[in-house]
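> What follows is each chain in one-letter form.
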Amino acid sequence: VITEEEEWDLQAAEYVLGTLHEETHRVFDALSKVDEDWQRRVQRWRVCLDPLNVLTKPIEPPTHVLVSVMERVNELPSSEPVKTTKALTSSALATSALSAQASSDDMVHSGAEGAALAKPLALSSALTTVSSSHSLPERTRTISAHARDAADSDELSVPAHVTIRVLNERARYWKLAAMVSTLAFIGTLFLAPRYLEQRQSTLNTARTVAVLQDDTNAPLWTVSYHVNGNSMQPADNSSQGTISVTAVGDPQASAPSDHQLWIVFPEDAGVRSVGRMPDAQGETVTLDLPIALAEAGEFAVTQASLERVPRPDDGSFVARARIINLIN
Amino acid sequence: VLQTDLEQYLSKVAEGDKNALQRLYEVVSARLYGIVMRIVKSDELADQTLEEVFIDIWNEAHHFDASQNSAIVWLNSLARGRALIKAHRSDARLFQKIPIEDLSVDQWKTKPLACTDEAIEYSALPRCMAQLGPEVQTSIVGLYCEGLTQDELSQTLHQPVGMINTWVRQGLVELKGCLDSDY
Numbered sequence: 001v002i003t004e005e006e007e008w009d010l011q012a013a014e015y016v017l018g019t020l021h022e023e024t025h026r027v028f029d030a031l032s033k034v035d036e037d038w039q040r041r042v043q044r045w046r047v048c049l050d051p052l053n054v055l056t057k058p059i060e061p062p063t064h065v066l067v068s069v070m071e072r073v074n075e076l077p078s079s080e081p082v083k084t085t086k087a088l089t090s091s092a093l094a095t096s097a098l099s100a101q102a103s104s105d106d107m108v109h110s111g112a113e114g115a116a117l118a119k120p121l122a123l124s125s126a127l128t129t130v131s132s133s134h135s136l137p138e139r140t141r142t143i144s145a146h147a148r149d150a151a152d153s154d155e156l157s158v159p160a161h162v163t164i165r166v167l168n169e170r171a172r173y174w175k176l177a178a179m180v181s182t183l184a185f186i187g188t189l190f191l192a193p194r195y196l197e198q199r200q201s202t203l204n205t206a207r208t209v210a211v212l213q214d215d216t217n218a219p220l221w222t223v224s225y226h227v228n229g230n231s232m233q234p235a236d237n238s239s240q241g242t243i244s245v246t247a248v249g250d251p252q253a254s255a256p257s258d259h260q261l262w263i264v265f266p267e268d269a270g271v272r273s274v275g276r277m278p279d280a281q282g283e284t285v286t287l288d289l290p291i292a293l294a295e296a297g298e299f300a301v302t303q304a305s306l307e308r309v310p311r312p313d314d315g316s317f318v319a320r321a322r323i324i325n326l327i328n
Numbered sequence: 329v330l331q332t333d334l335e336q337y338l339s340k341v342a343e344g345d346k347n348a349l350q351r352l353y354e355v356v357s358a359r360l361y362g363i364v365m366r367i368v369k370s371d372e373l374a375d376q377t378l379e380e381v382f383i384d385i386w387n388e389a390h391h392f393d394a395s396q397n398s399a400i401v402w403l404n405s406l407a408r409g410r411a412l413i414k415a416h417r418s419d420a421r422l423f424q425k426i427p428i429e430d431l432s433v434d435q436w437k438t439k440p441l442a443c444t445d446e447a448i449e450y451s452a453l454p455r456c457m458a459q460l461g462p463e464v465q466t467s468i469v470g471l472y473c474e475g476l477t478q479d480e481l482s483q484t485l486h487q488p489v490g491m492i493n494t495w496v497r498q499g500l501v502e503l504k505g506c507l508d509s510d511y
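Residue numbers (our numbering), protein chains in the order written: chain Z, 1 to 328; chain V, 329 to 511.
Estimated spans, in silico, between C-beta atoms of each pair:
#1 Asn-74/Z - His-391/V: 20 to 26 angstroms
#2 Gly-409/V - Pro-266/Z: 26 to 32 angstroms
#3 Thr-332/V - Leu-76/Z: 23 to 29 angstroms
#4 Ala-253/Z - Pro-427/V: 51 to 57 angstroms
#5 Asn-387/V - Pro-266/Z: 35 to 41 angstroms
#6 Lys-57/Z - Asp-393/V: 28 to 34 angstroms
#7 Gln-303/Z - Ala-394/V: 42 to 48 angstroms
#8 Asp-333/V - Phe-265/Z: 53 to 59 angstroms
#9 Gly-315/Z - Pro-462/V: 50 to 56 angstroms
#10 Arg-311/Z - Gly-461/V: 49 to 55 angstroms
No wet-lab data here; the hints were simulated from the structure. Where a beta carbon is used, it is the ideal one built from N, C-alpha and C, also for glycine.
Using the sequences provided together with the hints, build the complete structure.
Spelled out as C-alpha cells, the structure:
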C-alpha cells in the first residue's frame, strides 16, 4: 500500500523520468514554479538518477552549433535576473492558509453562491506584541531577586518554637502544593487528549492542488487544499473541506478585474461557484468547497463581473487548471 | 572538469559573460550533446536541441544556486528536459528499436567516467539498481537514457504497456527505499 507521501514521491520520480502524460506533466511544470516542497522532491530524484547519464557516451557536437549559439546570444540582451514568482514553501502556504483560516470568522459573505472575501489578519504583529511584553532578561532578574531574598531570610536567627511553627507551615504548604500538583496531573490526563485533538485539527497542512496561470504560463494563483496530516482527507471532517487561494502572481496586471473561482466537473459536465479570488499579490483567502475535491475536475477563473454561470466551453474562463488529486 | 569550475562558469554566465559561456560550452558540450543525441536520435534535432540548451543556460544561469544544486546535475537536467520535449513533440524522431544490451547498467563497471565521476563514485544508485530485476533496470535505463515512451519501451521489450508501467513504478518504489536507507 502506497501512502500519500510515497505517491507524491513517485509522481516526482515519473516527472523526472518523463513518463507522465503530457497534460499531467504540464500540471506539475506549473507546480514546480510555486511549490518548494514539490521542487525538493523533483530535485532529489534528479540528483539520484543523474549518475545514469554516465551510461551515455559523450559526443563532440559539430562546430556550427557553437557558432549558432554565440550568434543568438549576441542578439540577446545580457542574462539578467528577471522577476520571477518566488516558490512558496509548504510551510509558508500552510501558514498563509492557516492565517486565512483563522480569519474565516471575519469573512464577509457577499451573496451570490457563497462568494466570500477574507479580511486580512495581522497575526504576525499580534505575536510580536505578545512575545515582546516579557523580555527574558527581565524575568531572569526577577527570579534571581526572589532567590536572593529567600536565602537572606534563612540567615535570620529565630527562637526554636518559631522555627517549629514555620516548619509546620512549610509542611502544610508542601502538602497543599503536592495536592495541587496531583490534581493538575489528573486534569492533564483528562484534558491532554482533547487539547491534542484540537491542536491536530489546527495543525493541518495545505497541499497545493492546482496552479492557475496566465497566457504566458506565469502562475497567478495557487489553490491549496487543507488536509489532515499526510492524508488527502479534509482537515475538517464535518464539511467538504476548505481551500486557500493565494495570489502568487499579479492578477491585476494580467486581467484587471475582480475574479471568481469555479469548480469545473470532469469532462466539462458543468460548473459550481466556489467564491471570490484574492486579487492583490500575496493575498490569501480561504473558501469552503461546495463539493468534495475528488468529484471536481478542474478549477477555473472568470471575471467577477460576468454575473452569470459560465459554461466550460463558452470562453468565459481567464484561467483554468487541472486539479492534482492523487487519490483518483 | 571540477564542479567548482562549472559553478564559476555559470556564475559568470549569469553576469552576462559570453566568454564564460563559450568556455562552458567547450567543457560540457560533448557530454550534453551525448545525452541529447541518445534521446532525439537525429543529428539535426540534436544540433537544434543543444543550441536551445545553451540559450537556456544563458537565460537561466542566474537561477542556478550552487548551495542548493550541483552544476552538472543542473546542466544535465536542462539538456535532458529539452531533449525529451524535442523528442516527444517532434515527428522527426524516428523510433528505432534499441538493442536490449544498450539498456544495461553493466557499462557502469567498465566505462571510463566523465565529469560526473564524483556523482557516481558517491552515489548509491549503481548498488540500488543492481538490486532491481533485469527487466526493471532495462526499463528505467530505456526511459531515462534513451528517452523512450512507455509505448516505445513496450515494443522494445515485447511487453504490454501496463506491464512496463508496473515495472517502472515498482522499480521506483524499490529504488527510493534503497536510496533512502543509504542516507
